[in-house]
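In the order they appear, the protein sequences are chains A and B. Each step along the first sequence adds one to the number in numbering that gives the first Met the number 0, with nothing skipped, and position 82 is 81. Each step along the second sequence adds one to the number in numbering that gives the first Met the number 0, with nothing skipped, and position 59 is 58.
It should be emphasised that the hints constitute simulated quantities derived from the structure, not laboratory data. Heads up, the beta-carbon is just placed ideally off N, CA and C, and yes, glycines get one too. Where hints are given, some of them may not hold.
The calculated label-pair distances, taken between Cβ atoms and stated as ranges, are [stated by the list, open to error]: (1) Arg410(A) / Gly130(B): 25 to 35 Å; (2) Ser21(A) / Asp199(B): 21 to 31 Å; (3) Arg410(A) / Glu219(B): 50 to 60 Å; (4) Asp199(B) / Leu7(A): 36 to 46 Å; (5) Met12(B) / Phe285(A): 31 to 41 Å; (6) Met398(A) / Asp214(B): 33 to 43 Å.
Covered stretches of chain B (chain A as the covering partner; in silico rule of three or more C-beta atoms under 8 Å from a C-beta of chain A) [unchecked claim]: (7) 24 to 38; (8) 42 to 56; (9) 90 to 98; (10) 124 to 133.
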Amino acid sequence: MNLTQGILSALEGVTANKLRSSLTMLGIVIGVAAVISLVSIGRGAQASVTAQIEQNGTNLIYVRPGSTQQGGVASASGSAGTLTQDDADALLSVAGVAAVAPELEGRGQVSYLGSNVNTRAIGVTPDYLTVRNMSLADGEFISEANVNARSSIVVLGSGVADDLFGGTAGAVGQKVRINSQPYTVVGVLASKGSTGLGSVDDQVLVPLSTAQARLIGGNRYRGASVLSSINVQAANSDEMDSVIEQLTLVLRERHDTIEGSDDFTVSNQQDLLATITEVTNTLTLFLGGIAAISLLVGGIGIMNIMLVSVTERTREIGIRKAIGARKRDILFQFLVESAVLSLVGGAIGNLVGWLISLAMGQVQFGSTSIKPTVDIDAVVLAVGFSLVVGLFFGIYPAMRAANLAPVEALRYE
Amino acid sequence: MIAIENITKTYRMGAVEVQALRGVSLKIERGEVVSIMGPSGSGKSTLMNVLGCLDQSTTGRYLLDGVAVDSMTDDQLAEVRNRKIGFVFQSFNLLRRLTARRNVELPMLYAGVENGRRRRAAEALEAVGLGDRMDHRPTELSGGQQQRVAIARALINNPAILLADEPTGNLDSRSGEEIMQLLLNLNHEHGITLVFVTHDPKIAQHTQRIIQVRDGLVEEGLA
Numbered sequence: 000m001n002l003t004q005g006i007l008s009a010l011e012g013v014t015a016n017k018l019r020s021s022l023t024m025l026g027i028v029i030g031v032a033a034v035i036s037l038v039s040i041g042r043g044a045q046a047s048v049t050a051q052i053e054q055n056g057t058n059l060i061y062v063r064p065g066s067t068q069q070g071g072v073a074s075a076s077g078s079a080g081t082l083t084q085d086d087a088d089a090l091l092s093v094a095g096v097a098a099v100a101p102e103l104e105g106r107g108q109v110s111y112l113g114s115n116v117n118t119r120a121i122g123v124t125p126d127y128l129t130v131r132n133m134s135l136a137d138g139e140f141i142s143e144a145n146v147n148a149r150s151s152i153v154v155l156g157s158g159v160a161d162d163l164f165g166g167t168a169g170a171v172g173q174k175v176r177i178n179s180q181p182y183t184v185v186g187v188l189a190s191k192g193s194t195g196l197g198s199v200d201d202q203v204l205v206p207l208s209t210a211q212a213r214l215i216g217g218n219r220y221r222g223a224s225v226l227s228s229i230n231v232q233a234a235n236s237d238e239m240d241s242v243i244e245q246l247t248l249v250l251r252e253r254h255d256t257i258e259g260s261d262d263f264t265v266s267n268q269q270d271l272l273a274t275i276t277e278v279t280n281t282l283t284l285f286l287g288g289i290a291a292i293s294l295l296v297g298g299i300g301i302m303n304i305m306l307v308s309v310t311e312r313t314r315e316i317g318i319r320k321a322i323g324a325r326k327r328d329i330l331f332q333f334l335v336e337s338a339v340l341s342l343v344g345g346a347i348g349n350l351v352g353w354l355i356s357l358a359m360g361q362v363q364f365g366s367t368s369i370k371p372t373v374d375i376d377a378v379v380l381a382v383g384f385s386l387v388v389g390l391f392f393g394i395y396p397a398m399r400a401a402n403l404a405p406v407e408a409l410r411y412e
Numbered sequence: 000m001i002a003i004e005n006i007t008k009t010y011r012m013g014a015v016e017v018q019a020l021r022g023v024s025l026k027i028e029r030g031e032v033v034s035i036m037g038p039s040g041s042g043k044s045t046l047m048n049v050l051g052c053l054d055q056s057t058t059g060r061y062l063l064d065g066v067a068v069d070s071m072t073d074d075q076l077a078e079v080r081n082r083k084i085g086f087v088f089q090s091f092n093l094l095r096r097l098t099a100r101r102n103v104e105l106p107m108l109y110a111g112v113e114n115g116r117r118r119r120a121a122e123a124l125e126a127v128g129l130g131d132r133m134d135h136r137p138t139e140l141s142g143g144q145q146q147r148v149a150i151a152r153a154l155i156n157n158p159a160i161l162l163a164d165e166p167t168g169n170l171d172s173r174s175g176e177e178i179m180q181l182l183l184n185l186n187h188e189h190g191i192t193l194v195f196v197t198h199d200p201k202i203a204q205h206t207q208r209i210i211q212v213r214d215g216l217v218e219e220g221l222a
C-alpha cells in the first residue's frame, strides 16, 4: 500500500467516528494553543521591556552608591551616600566619557490650583536631557545658569503635565508648588511610555543645586551634598567595558576602597538588558514547559483512543490480514491515523493559539500593553512536537494491531 | 495444487495441550470441487485455517501451487493469502465503513496494484450481478448481496484456490442456492479450485469429493 492510499484510508478511519476523533484532537488543540499563546506572550513581554529600556539612552553607564558596613552589618545597596559632585567632575575627565549627568532623587507633592500629584522629583544638570535620551514637548530645559542660580524652576514629565494641566500644552509659564515651595514651569518632557520599572513620564526635574539646597536636601559627605546616582554617557559603545573599568579605578582611588568593599556600583544598560532578557527567557521557558505538559496529556489521550480503536477493530484487522495485509500495512495504517489526529489537532491549535495571542495584544496591563509575537520557530516546534507525540503514543497501539494473529483476530466478535 | 503431508497442529490452552490435527495428509488437484465435512471440534476449522495460510501447522509439509508454505514468515504468508487464496466466510467479513467497490479494491491495494483498481473492482462486481449496487455499503445490502461482494473480493487477484467456510450458513435457502450456483459456475467457466468447509450435506452434494474430518484425522469418501 502506498503513502497516498494509506493516508486516505487513515482519514476514513478518523472520520468514521467524528465525535471521538474531535474529542481526541481537542487534547492536542489545547496543548498546542497553550504553547503558542504562552510563548508568544512571553516573547512579546520581552520585546516591549527591551524596547522601553533601550529608550533610556544608549551607551549609558550608571554609577550608584553601594552599601555601607557599620559594625559588620551591611546596609541596603544605594544607602552609602558617598557620591558627590566632585566625583561627577572627576568622572568627566575619564577618557571615553562623553557626558556626565549627576542626579539627586526624592519625592515631591506637586500641586496646581485644585489638583495635585505625588511623584518623583529629581535634581539634574543640563546634560541630563541628552544623556537620558529625552526630548522636550514644550518650553526649554534647565540651563547652566539655572543650576548656578538655584532657580525655582521645574520641567514636568508628560504624565505630571497631563494630571495637572490636562496635556503638555499650556503648562509652560504657570506656577506650581512642589512640597509647598513655588516653582515656575519652564518646560514639559515628551512622553516615552513606561519602562515597566516606573514610568519616566511620572517625574519632575529641577536644577540639581535647587534640589540639594531646598527641595530634597539629603546627607552631606566630606562637606559636600551627596548624589543619588551619576549617569555617564560613553562616547562609543565599543569602549563600554574599558570606560567602566576606568570609572571604577578613578572612584576607588577617590574613595580609598579596594575591590570587594567598594561603596559604589557601576553598571550599564547592557547588564540590565541581559538580566531582564534572562528573566523573561526563563519565564517564557517556564510557561512553555507548563503548556508542553498539556500537550503530553493530549498525547496520552491519543494513545488511549487508539488502543480502544485497535480493540474495537480487531475483526477489521483480521479481515485485512486475511485478504493480504502485511504487518507493516497495519502498522502504517494505525500510525498514520494517530499522526493525522495529532497533526490536524496541531494545526487547529496553532490557529487558536494565534487568535489568543491577537486577543491578548488588545488587552492593556496598567499603562503597558504587550504585543505578542507568534514566531515561526514556536509554530514549527509546537506542530513538530505534536506530530512526535502522535507517533510516539501511536506506535504502541499500532504494534498491537500489527502483531494480532489473523486467526484470532477473525474469531473476535 | 494443494499437497499436505502428515500435518499436525497442537494448541496450548493454559496448561493443557490440545491436538487439533493429528497427522493429516491430502491432495487437491487444480479445478477440483471438494468439501471438507465434520462435526464441530473435529479439527475441520483448524484444517481450513492451515489450508488458507491463516495459521501454520506445528509439524508436516504443505505445498501450495508447488511452493512450500510451512516455513514462511508472517509477511510471506500474507502475500500468499493475497495472491493465491480467496476467502468466502460465513459472516461475509466485509468492512462496514467501505462501499462494495472499495471492499473489492482492498486486496489490490495490498498487492500494490497502481492502476485500474476502480475499473477492475467494477467489473468483478458486475460479474457477480451487483453492477447496480457498487456504491452501497454492506449494511445497505441483503445477506446474499453481501456474500456476492465477498466473492468478488475473493476473486479480484485471480487466486488459484477459493476457500469457502459455510458460505451459505447465514443465508436463507433461496439465496444460499444462488450463491452455490454462482460459485459452481466459477468452477465450470474459469476452472477455479473450490474448497468448501461445511457440515451441511446439501452443499456437499454439489461437490465431487468429500473429505471427512474426525478427531483430527481425515477419512476420504466419494460423494
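Against the structure, test the hints numbered earlier, and report the numbers of the ones violated in rising order.
2, 3, 5, 7, 10
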